[in-house]
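Visitor: So the protein sequences, as listed, match chains A and B. Everything in the first sequence is counted per numbering that gives the first Met the number 0, starting at 0 for the first residue and increasing by one. Everything in the second sequence is counted per numbering that gives the first Met the number 0, starting at 0 for the first residue and increasing by one.
Worth flagging that the hints you see were computed from the coordinates, not collected in a lab. Worth double-checking, as some hints may not be accurate.
To be verified - Examples of chain A residues toward chain B, derived with CB under 7 Å:
hint	residue
1	Y74
2	Y238
3	R274
4	S290
5	I299
6	R303
7	P331
Unchecked claim - Derived DEER-like restraints, expressed as beta-carbon distance ranges:
hint	chain 1	residue 1	chain 2	residue 2	range
8	A	S283	B	F155	45 to 53 Å
9	B	A176	A	P210	38 to 46 Å
10	A	V42	B	R233	26 to 34 Å
11	B	D263	A	R373	51 to 59 Å
12	B	A273	A	P195	31 to 39 Å
13	A	D173	B	P107	19 to 27 Å
14	B	A157	A	A164	43 to 51 Å
15	A	R266	B	L89	36 to 44 Å
16	A	D173	B	D220	49 to 57 Å
17	B	R31	A	S283	33 to 41 Å
18	B	A273	A	V209	24 to 32 Å
19	A	K29	B	R31	38 to 46 Å
20	B	A83	A	E45	32 to 40 Å
The C-beta atom is built at its ideal place from N, Cα and C for all residues, glycine as well.
This is what each chain is made of:
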Amino acid sequence: MTHDLLRLATAGSVDDGKSTLVGRLLYDTKSVLADQLDAVERVSRERGLDGADLALLTDGLRAEREQGITIDVAYRYFSTATRSYVLADTPGHVQYTRNMVTGASTAELALILVDARHGVVEQTRRHLAVTGLLGVRHVAVAVNKMDLVDWDRSRYDDIVADARALAARFDIEDVVAVPLSALLGDNVVERSAHTPWYDGPTLLEHLEAVPVGTDPATQPFRFPVQVVVRPQAGEYRDYRGYAGRITAGVVRVGDEVAVLPGGRTTRVVGIDLGRGDGTVTELSEAFAPQSVTLRLADDIDISRGDLLADPGRPGHVTRSVGGTVCVLSERPVRPRDRVLLRAGTRTVRAMVEEIIDQLDIDTVDYRRAPQELRLNDIGRVRVRLADDLPIDDYHELRRSGAFLLIDDADGATLAAGMADAPDRYAGADI
Amino acid sequence: MTRATDYTLDHLDHLESEAIHIFREVEGEFERPVILFSGGKDSVVMLHLALKAFAPAPLPFALLHVDTGHNFPEVLTYRDDTVARTGARLYVAKVQDYIDDGRLRERPDGTRNPLQTVPLLDAIESGRFDAVFGGGRRDEEKARAKERVFSLRDAFGAWDPRRQRPELWDLYNGRHAPGEHVRVFPLSNWTELDVWRYIERERIELPAIYYAHRREVFLRDGMWLTAGDWGGPRQGETVEERTVRYRTVGDMSCTGAVESEAADVADVILEVAASRVTERGATRADDRLSEAAMEDRKKQGYF
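Can you build the whole structure from these sequences, using the hints too?
Guide: Right, here's the structure in full:
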């Protein structure tokens, strides 16, 4: 069996015990080593705490320790016999929506914490909204601090019902809840003696069982060209290959591919995987998310920024992108702003044409747009492009429907965007 | 020709694909990238991945080594052999030059790790490098856990955690002003064990000091250090011969050996998997100085 990789993002605040839960996962999977634990125990003692505060394992920067909060996404690593995990540990405060969006962007599973004493609160709603928007398909709800409600089953059942109802609103289909105590370790890795009424998996058992990724066989092929490989010397004098990472689907030698945005088609005659000695291994097929180099039958002008795609299902080539954005910078996004839009390996000049509406993340309603979208705001916009761009509906093909808005002046990343299908805005000038 | 049997990637293939993607993004977006190459295992793995990313074309990047003057001779030999084998261009910035002409002063404890920052920044400036690949991994240390893959540095090489750009999906934003540069960490998501498993799988050759050997060492602050001109042993410290290996390769003055019988990659993997101490905690005196030692060095422009 393959030892695979699962990326997950956590959401929750310090008060929910998120740092303690992450610390517990690391500790119980033996991913914390003695010197790290010594440091935690020393600091815990200095602060007058009784036992080792596992939350200290994940405290990063001095500024954060001084304020007792997390200000940035931190990445943690642990592994079991069958799976390696990359965990994006994101802070859950109101003002840090941007961090949650960042952490969720690469995640396949969101781990959302709920304090059993407080149940589903506005913050939970926000976390589920972001999870749904970012297209994270699996949600694990950790109902934490069950020890403080005496492992009350009906309390747990109510919370799970609330969470499921909310998740359904955001089109999240797979929701698994686990009653646990991060502090004591119950149902995190080790099964709890306090929950005889619970026959589901422990949190780690669930993480071990979640299917990873989307089956590439069901997706149309997408391949943004990163660089052209031309040795121009030696035995590979006439070699010309297009290097990139497959963002969706499968490609086989002999397949027809469309070169977008231009639209010409050609055929794949070779799929190469580079070797450390400077030669290549030839493959008969490759799939997402492999990095490969493709050789093509025809000598077409192809360069960085072009997209090779399944000609039967090529996506959309457009000069008007509509989608949901989350503003990531202090500089607001306003109508008529001139920006750069980056999608795949292509960067085009763009103008924000219209702010369509804004998501009220607490009530989860879309309301008429204000004049601008500010840091941490989420809203729908339409952006006009100076050049053709191939792009997909984010909720069908995550990697090729994602885009960034970039400030042309200082290069700052202004907003993260998720494109809609173009017909979503009937009447728009496409 | 090989054929994939199903469409699931092994986690090492996943990490490899991610790193290759990062190297190619940098080649596509920057003018003058350079790889920091010390001969340490992380930089060796980086170089291997970079070669794979562009094969069958030659490596499009130069290499840069900051030489503390206290390097292990075996590692310098390895470095030069590697440069000859790959045909890469090597730049060397020497801490000793800075000490000789008074721009830097030797520290009382003899360690030269913190002294590398100035020569590094000068070399980046004079080489007009706009992207600098480092072998840093997020699992190494707490401040590194929040590092970006593309880490923006100002004209002083400084890292400001509050100015870092959010990084979403695999859309890396490398835009920077003239004089600024971007540090790039293709191994961000690798752990120490991943690096070793990859070395085994790809049969990558490393400097011999990574494997168990007999060596004259002395004990200081709970670490086995190699005797040398840099300032050891001091009075009261006795040299003895032990079977040791190195988990990290840095400046001889602050890189400790661990007692080990692990003579090959497979042994090392068993040892690392069973280890109860992080590699930095075990072997880097400079990271023990304070809780925020790495955070402070990074802000000043360290690797």
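Visitor: Take the hints in turn and mark each one as holding or not.
Guide: A quick look at each hint next to the structure:
1. Y74: holds (5 Å)
2. Y238: holds (6 Å)
3. R274: Holds, because the Cβ-Cβ distance from R274(A) to chain B comes to roughly 6 Å (cut-off 7 Å).
4. S290: holds (4 Å)
5. I299: Violated: closest Cβ of chain B sits about 19 Å from I299(A), beyond 7 Å.
6. R303: holds (5 Å)
7. P331: violated (16 Å)
8. S283(A) with F155(B): 45 to 53 Å: holds (51 Å)
9. A176(B) with P210(A): 38 to 46 Å: holds (44 Å)
10. V42(A) with R233(B): 26 to 34 Å: holds (31 Å)
11. D263(B) with R373(A): 51 to 59 Å: Holds: the Cβ-Cβ distance is about 57 Å, inside 51 to 59 Å.
12. A273(B) with P195(A): 31 to 39 Å: holds (36 Å)
13. D173(A) with P107(B): 19 to 27 Å: violated (59 Å)
14. A157(B) with A164(A): 43 to 51 Å: For A157(B) and A164(A) the Cβ distance comes to about 48 Å; the hint holds.
15. R266(A) with L89(B): 36 to 44 Å: With Cβ atoms ~41 Å apart, the hint holds.
16. D173(A) with D220(B): 49 to 57 Å: This hint holds: roughly 51 Å between Cβ atoms.
17. R31(B) with S283(A): 33 to 41 Å: holds (37 Å)
18. A273(B) with V209(A): 24 to 32 Å: Holds, since A273(B) and V209(A) (Cβ atoms, about 28 Å apart) stay within the stated range.
19. K29(A) with R31(B): 38 to 46 Å: For R31(B) against K29(A), whose Cβ atoms are near 43 Å apart, the range 38 to 46 Å holds.
20. A83(B) with E45(A): 32 to 40 Å: Given range 32 to 40 Å: violated, Cβ gap about 52 Å.
Checked against the numbered hints given earlier, the structure breaks hints 5, 7, 13 and 20 and satisfies all the rest.
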